[in-house]
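Model the full assembly from the supplied sequences, consistent with the hints where possible.
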Amino acid sequence: RARVKRIREKAEVQGRASGGGLEDKLCATPFGVDVVGITEAIALIGALVGGISARQRKREVEIVNEKLRRVNLSLRQQARAGTLYAPGLRYAPSASATATAIPSIVDETAAPVVVESPLAPPPTPQEAAETSSSPTSNTTSVEDVQGEDTATPKTSADGSPLSDIEREVIYELKLGKRLLSEDEQGSAGSAVVHFNKALLLSRKTGDRIRERRAVRGIAAARRKTGDVKGAIAMLERVLEISKEVDEYTGDSDAYGTIADLYTELGDYEK
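Quick note, the sequence shown lines up with residues 1 to 270 if you use our numbering.
Only true hints are included.
Label-pair restraints from in silico Cβ distances:
no., residue 1, residue 2, range
1, Val49, Tyr248, 51 to 59 Å
2, Leu73, Ser163, 42 to 50 Å
3, Arg208, Glu62, 42 to 50 Å
4, Gly51, Leu239, 42 to 50 Å
5, Tyr248, Ala47, 54 to 62 Å
6, Ser190, Leu239, 23 to 31 Å
7, Leu75, Ala233, 23 to 31 Å
8, Leu73, Ser190, 29 to 37 Å
9, Tyr262, Glu62, 13 to 21 Å
10, Lys58, Glu240, 35 to 43 Å
11, Gln78, Thr39, 56 to 64 Å
12, Val228, Gly51, 35 to 43 Å
13, Glu240, Lys204, 13 to 21 Å
Keep in mind that the hints were calculated from the coordinates and are not lab data. Quick caveat, the model's predicted, so the values are computed rather than measured. Beta carbons: idealized from backbone N, C-alpha and C, even for Gly.
Spelled out as structure tokens, the structure:
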């Protein structure tokens, strides 16, 4: 019996000794393979492959995005070229797109042409009476051909005669437009002054259409002076006025100009 006890104690000691050796090798399998090390190696390889593929996809996306930006820029330039009213027109004409408003698009900076008609015999009293008594005349005067009178309306939108303030607004708009067409240094800054004056006067009279024209002129002048962000702000104000008055003449031109200005700033997203 004592012998059996000694054998049992000896076996327990050997078992504890063998168990303590395994505790020092927790990261190893019974066959001596390092499972944790293999797992870490696989994880590192996967991360490396994933990073490389992600960089490749990023480059591909950048290339495609650049191509799309170029195509978008080309389309905007084509749309911009197709919505111009006239080569010498800096901003859109007034909202009253009627036959009386068409002559306002004519370049006002051109010198007036004086047409001298050949000498004709004076009319007889009978012819003079017929001319004065007829309500309409089929002849066309030189002023109608040149558009001098039709360029400046004699009455407002409601048919009433123009007030002094309204005439001054028209004068300031014309003067600002004329300064914009000049290439002299400081002409754009002077144009801003006249357009601002026209803006204040049009607000005073409540003429939203001429207010929009004044804001559009300020945008053109700021663009000419290099203030791109200021020009964008003014053009956005033009679009706001169009929504307020529910009249959208020239808005396509404004959108095209805004797109060109954002392109100049390098902001292709907007």
